[in-house]
Amino acid sequence: AQTVTQSQPEMSVQEAETVTLSCTYDTSESDYYLFWYKQPPSRQMILVIRQEAYKQQNATENRFSVNFQKAAKSFSLKISDSQLGDAAMYFCAYRVIQGAQKLVFGQGTRLTINP
Amino acid sequence: NAGVMQNPRHLVRRRGQEARLRCSPMKGHSHVYWYRQLPEEGLKFMVYLQKENIIDESGMPKERFSAEFPKEGPSILRIQQVVRGDSAAYFCASSPYMTGTSTDTQYFGPGTRLTVL
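Chains A and B, in that order, give the protein sequences. If you use our numbering, the first sequence corresponds to residues -1 to 113, in order. If you use our numbering, the second sequence corresponds to residues -12 to 104, in order.
One or more of the hints may lead you astray.
[As the list claims (entries may be wrong)] Taking lysine-lysine and the DSS-like style, the derived pairs with C-alpha atoms no more than 25 Å apart in a straight line are:
(1) B:K31 - A:K68
(2) A:K71 - B:K31
(3) B:K14 - B:K38
Just so you know, these hints were derived from the structure itself, not from any lab. Since this is a predicted model, take the numbers as computed values, not measurements.
All chains should be built: construct the whole structure from the sequences, respecting the hints.
Structure (structure tokens):
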């Protein structure tokens, strides 16, 4: 069974600094997607960034980038120039490409931004 | 383009009552997913539906829970005879269609917070 592990229950960073959130996963599949979702206090789930496992290039979206290490099954999220609005729960998620469409989520990391 | 709509946003039920949660997918989306989030936990998959079909219900509890996505109207998650342990946030997500290598991202609704007294 696929599992996703986020080993950091909480993280904090100073405003304008850079922070990295960790995620590891376990799968026997070779083709899959990885996602980071943000859940602010409103509880809305917002897609932050997406990575296809068959792509070697790390995905980037403005201040958000990932470090995807397929062999190590690691998928960390880097947030540059942290802003107060980045404060939220961050969830790493996995999904196979073929077959089951369900997302498998990690336990989440609560990110606090210190002004 | 309206996003995924869920209602009600908050639902309070007493033990033994029924809860009905509704989800209207984004326009053009024909796939619906339901997830449950217990306090301080990540989301757990419950069921995946297409119009008039349940594709994967591997995450649904065997009793009291059911889901449907009729040809017309929203998807419904129904919980019969609710218990306190059903208190959680229930999220619906939708995606356009399933293709071989499409990224068909799941877009989430705002969730329904169910409280069982």
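Evaluated hints:
Straight-line distance between C-alpha atoms of B:K31 and A:K68 comes to about 24 Å, which keeps the hinted pair within the 25 Å bound. At most 25 Å may separate the alpha-carbon atoms for a hinted pair to count; A:K71 and B:K31 meet this at roughly 21 Å. Restraint check: the Cα-Cα separation between B:K14 and B:K38 comes to about 13 Å, which is no more than 25 Å; the hinted pair holds.
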